[in-house]
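Use these hints to put chain D onto chain G, whose structure you have.
Residue-level listing of the chains:
Number of protein chains: 2
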Amino acid sequence: MTQKQNGQSRVVIEDVRPQVDGGEFPIKRVVGQSVAVEANIFADGHDVVVAVVRYRSERDAEWSEVAMTPLVNDEWEAEFFVGEEGVYCYTVQAWIDRFKTWHRDLHKRAIANQVTRVDLTIGAELLEAAATKVTGSEAERLTHWGRRLRQPDAIAHIEQICDDSELSLLMDRHAPRDFATTYQRELRVTVDRVRAGFSAWYECFPRSCADSPGKHGTLKDVESRLPYVAAMGFDVLYLPPIHPVGTQFRKGKNNAEEAQEGDVGSPWGIGAAEGGHKSIHPQLGTMDDFKHLLLAAREHGIEIAMDIAFQCAPDHPYVKAHPQWFRQRPDGTIQYAENPPKKYQDIYPFDFETPDWEALWDELKSIFDFWIEQGVRIFRVDNPHTKPFPFWQWCIAEIKREHPDVLFLAEAFTRPKITSRLAKLGFSQSYTYFAWRNTKEELTEYVTELTQTALREHFRPNFWPNTPDILTEYLQFGGRPAFMARLVLAATLSPNYGIYGPPFEHCWTAPAKPGSEEYLDSEKYQVHFHDLKRPDRLNEFIARVNDLRREYGVLQSNDNVVFHDIDNEQMICYSKVSADLSEILLIVVNLDPHHRQAGWIELPLAELKLDQSQPYQVHDLLSDERFLWHGERNFVELDPSTVPAHIFQVRRRVRTERDFEYYL
Amino acid sequence: MTQKQNGQSRVVIEDVRPQVDGGEFPIKRVVGQSVAVEANIFADGHDVVVAVVRYRSERDAEWSEVAMTPLVNDEWEAEFFVGEEGVYCYTVQAWIDRFKTWHRDLHKRAIANQVTRVDLTIGAELLEAAATKVTGSEAERLTHWGRRLRQPDAIAHIEQICDDSELSLLMDRHAPRDFATTYQRELRVTVDRVRAGFSAWYECFPRSCADSPGKHGTLKDVESRLPYVAAMGFDVLYLPPIHPVGTQFRKGKNNAEEAQEGDVGSPWGIGAAEGGHKSIHPQLGTMDDFKHLLLAAREHGIEIAMDIAFQCAPDHPYVKAHPQWFRQRPDGTIQYAENPPKKYQDIYPFDFETPDWEALWDELKSIFDFWIEQGVRIFRVDNPHTKPFPFWQWCIAEIKREHPDVLFLAEAFTRPKITSRLAKLGFSQSYTYFAWRNTKEELTEYVTELTQTALREHFRPNFWPNTPDILTEYLQFGGRPAFMARLVLAATLSPNYGIYGPPFEHCWTAPAKPGSEEYLDSEKYQVHFHDLKRPDRLNEFIARVNDLRREYGVLQSNDNVVFHDIDNEQMICYSKVSADLSEILLIVVNLDPHHRQAGWIELPLAELKLDQSQPYQVHDLLSDERFLWHGERNFVELDPSTVPAHIFQVRRRVRTERDFEYYL
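Chain order of the listed sequences is G and D. Going from the first sequence to the working numbering is simple: count from 1 and add 5. Going from the second sequence to the working numbering is simple: count from 1 and add 5.
It is worth saying that the hints were derived from the structure and are not from the lab. Treat the hints loosely; a few may be bogus.
Since the list gives no way to pick one copy over another, a pair counts as held whenever it fits inside one copy or between any two copies.
[As the list claims (entries may be wrong)] Straight line, CA to CA, 30 Å or less: simulated DSSO-like cross-link-like pairs of lysine-lysine:
id, residue 1, residue 2
1, Lys283, Lys225
2, Lys348, Lys518
3, Lys370, Lys225
4, Lys138, Lys614
5, Lys105, Lys283
6, Lys220, Lys105
7, Lys348, Lys105
8, Lys445, Lys138
9, Lys283, Lys9
10, Lys9, Lys614
Okay, chain G solo, but in the shape it has when bound (with noise of 0.2 Å):
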């Protein structure tokens, strides 16, 4: 038997958005963002609907309250800010709203002379009603109004009565909303701070920190390298892992399967006799130099991000004391990592089937609240789609709970649905396929899926044009005016974006051998000197493009992209506009690191609220040239032996006189 339910409840309520998975996720925001909120809301027969968006932080018991406006097709929108960091809640409610019906046909009524007492009364009846549920001063302007529209001569001054706007807001607030329908999720909102959706990643190894050759670096000479990476303009500092590197199936250099004496090791060989996830490497110093090192960033405005990478070297001491998370053999050794035919007998993964598995939990989320302890509050998660989606959601929603703060980057270079989900179990950033997106069609598909489709609002992307473990071919092939387009790239269509460096600024362009995207010598597996005043490095342009970035917000947006047409396959356009039009960026790269390339932009001027008729100054912010443009078709040319893009700030004219000066 099918229960009769909610009969008198007319308003239906449907597809409410943004939702992630019909709200089994929540969507994501930075402090200070807001939520557009989008219902289709419509009721059986003409009555007057009104909706409001609820609204909460999980730390507040009342809910906040926001009016819809109708839009077309029965949809509607309302839109909140957040304003503080942890989970706000939405929903929509909506009802008939019985005052505001009769006062419309009232109006109309009145317009076919077609008012009748019966009309005022009822009229009467529901401000009489309303002004039961009311007390003071309100109360008595209803019961007044009601009073007024049972007099003989109301009929008179019927128009009066339904202009005045008294009678109207008096009835907003007090109506009442009688067989209300509310939507049947809560949908959420996780609100992070503000770097989860604007950050300037800088990776590098400690141990190549040193300030001379031959020497293993220390959390020191990290210390020391501070002012380096602020003077690039970065804010986050991302360390691979600090921990005791595995001695038993230690790699040697460029990946030998031997390790020779003295080789360091790969730092994702995590643990030995020394320590696991909870300790730091003896060679690279103590835990008070690490605190140390935490505290002297951020008086450099810099964030030590963290690297977590949940596997174990065979000498990890997990492995004695915890043999039940790894998967035993039959002849009672330890299945360590494979993918046959290739062996990994450095790495133990740990068997998140284990029966012991709550146990296991429980440990592995110890090792980031060990670290939060410390001072940390942004990790980057190594290979989290190797670990089970159950664990990550738990986890994070644990950690986030406590410390809303926190912020986790996964570093997951896998299959695309596989990425997403991560992002929807509460991962603040994401990898990306950047890095292969290298053409001109690559790209704009990319970035118009990543910002135009369901994914923006749970997945943001950070986009790295070089890793430890990716030297593309386009920059081994296209050398130092590659690295330069391919920053200008990230930094423009990415609010979140890294480098690797120092192999970024000093544009190493060797692989491990043809076809391979590893680096010859990589830093993953020895240590290296690098000398930090080599004459063709990039650290001052890419300095100025961080400037830009800080200086203008659209560079801190994801949402605001648009591609212009430019006839030349080799070279790329986009605009990034502030919502007022105040700002307006229009970056131009040239994505062919051998050759001049020019072409003919074509810019929507009326959009962009340009004078057809008049010129305008384009303003480029990397080189300080500035060009009078005139309509919107407008010539380009870029040298990649220079500077391969454009960052322009086109200025829109205010005055006549054609004077720079006279520009804003």
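Coordinates of chain D only, in the frame set by chain G:
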């Protein structure tokens, strides 16, 4: 505290489709159709995932299963058939198959000559574990295979073992589903009888069915009219309300405000002293007459569809018996229907906000029950969008639970989201905007929306070129060619369609006044005598089109329309093709009722598997003309003064001789 959940369940199932509003509402199918289920399915890591669709009729406790196949990008699919009326449930289950993972890796190891005894022992353990859950010969075979893997010489025979299909088949059946993930929702399918998806409706007023002028027709006259309706090929005969007609405020001819002596009133003004929604108008006949009509219709392959209009004339017995079901005004009168300044004093709407709503719901449902008891199985519901949505959801579910063969057509000419909602709530078919879609662009866009968007899963369109309320300007000005064109469009673009006759087959074109879509001397307010032998009648043309609908399966389905380019805005061209390409219909319509039009059609021969280099035959099933076509572009000309449409059967060449005898 977030609970640790499903820690060992590593497979994720996302976005199972089709589903309507996150599974809140069922999708629709008819008996014998299939449901193609897709889902995103993936796990952490590289283990082999296996997935099934589980489905059952709500009457069965047992689930059936069908294996899913991975497509691309972690999307999987499987199809199941629905064999009986009622409700089916479906969901998806997936798990990691340790045997398949082992087997895949063993194969890779074998190729690399890396198989060890330990690898084989791991496999043996998997087989032995499976054997413990099975009995009989299969247990023996599993044990046998386990022993074989443990034999010292197994490595030598490893390729044989890898390739043996018995082992794989045994484990397909018996590998354990440890830690399986089941999709969190059970989705539903409403399975209707075939007529819900394929029907040709004929509407006529019983009181206009008399065999001579000046007489009030009866149900017996309708019975005499059955051969006429059957000869045109219709299978649903829909009658406007057959209840006593109210006398208070009765409308006169042409909707005059006051009825004259002898005016019969609108059949939708239901209820008078003689009875209400469960009574038959005395001038139409008796309940026995009605039941006889139902049986007689069945013998002609016709079903009677009854009109349900939930509203009352002021003299309806409900008004006195249940005054609480209507809205009382302060002066003691009952609120009539109005849309200020318009008043409909002949109609009292029910007040669904009444505190007595549950009794009202029960009574309204009992009206359906009453007519179901008499033998009716199809209801055309008048203006369902002016009654609350929760009522329909409850009422239709309750009725279909007992009588899954009952069908409901929603007459809701209102906004799109509302018509869609009513279909979600359970209406089997829906009136559409077809009457107002007359240009090529309008028709293409509308049919694409109905058949290619989410609507297709729950909204079954019914195309009506005219109704007693709708005589479009296209018909008024286009005359006979317009009626023919609209008939072909309705009957071939939608498997469900209907006409209101005899005004349709007699091509009535006179509106009540210029600019109105009401008929002059509308049958809604007066009795007509129809001369069924009018020489210009379209009966034979209609009969031919309905014959083709029965003969060609592609016209009985809603998901196979493809539009083709034709270089004339006044002509539209589309095909309906069976999945196996055995049936190819190509329909061309001249939308201009005034002028001969011609154009070049462009056909995708490769998709239709038609040979580019050979001529092929198109056979017009309306005129019986045959044309030899060649290549992708072919010429068509249509003269509205004869027949404004072709319904071509495209015949594939099977021999090389150019003789029509040799075409299929």
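Structure-based check of each hint:
In this assembly of identical chains, the alpha carbons of Lys283 and Lys225 lie at most 30 Å apart only when taken from the same copy (19 Å versus 92 Å across copies). Taking identical chains as interchangeable, the C-alpha atoms of Lys348 and Lys518 lie at most 30 Å apart only when both belong to the same chain, with a minimum of 20 Å there against 86 Å between chains. In the homo-oligomer, the alpha carbons of Lys370 and Lys225 lie at most 30 Å apart inside one protomer (28 Å), although the nearest pairing across protomers, at 81 Å, exceeds that limit. Neither within a single protomer nor between protomers do Lys138 and Lys614 lie at most 30 Å apart by alpha-carbon distance, with minima of 51 Å and 74 Å respectively.
With identical chains, the CA atoms of Lys105 and Lys283 are never at most 30 Å apart, being 64 Å at best within one copy and 37 Å at best between copies. In this assembly of identical chains, Lys220 and Lys105 lie within 30 Å of each other by CA distance neither inside one copy nor across copies; the values are 79 Å within and 49 Å between. In this assembly of identical chains, Lys348 and Lys105 lie within 30 Å of each other by CA distance solely across copies; the values are 19 Å between and 73 Å within a copy. Proximity of Lys445 and Lys138 under a CA criterion of 30 Å is satisfied in neither setting, with 63 Å inside one chain copy and 57 Å between copies.
Taking CA atoms no more than 30 Å apart as the test, Lys283 paired with Lys9 passes between copies only; the shortest distance there is 23 Å, against 58 Å inside one copy. In this assembly of identical chains, the alpha carbons of Lys9 and Lys614 never lie at most 30 Å apart, being 56 Å within a copy and 54 Å across copies at closest.
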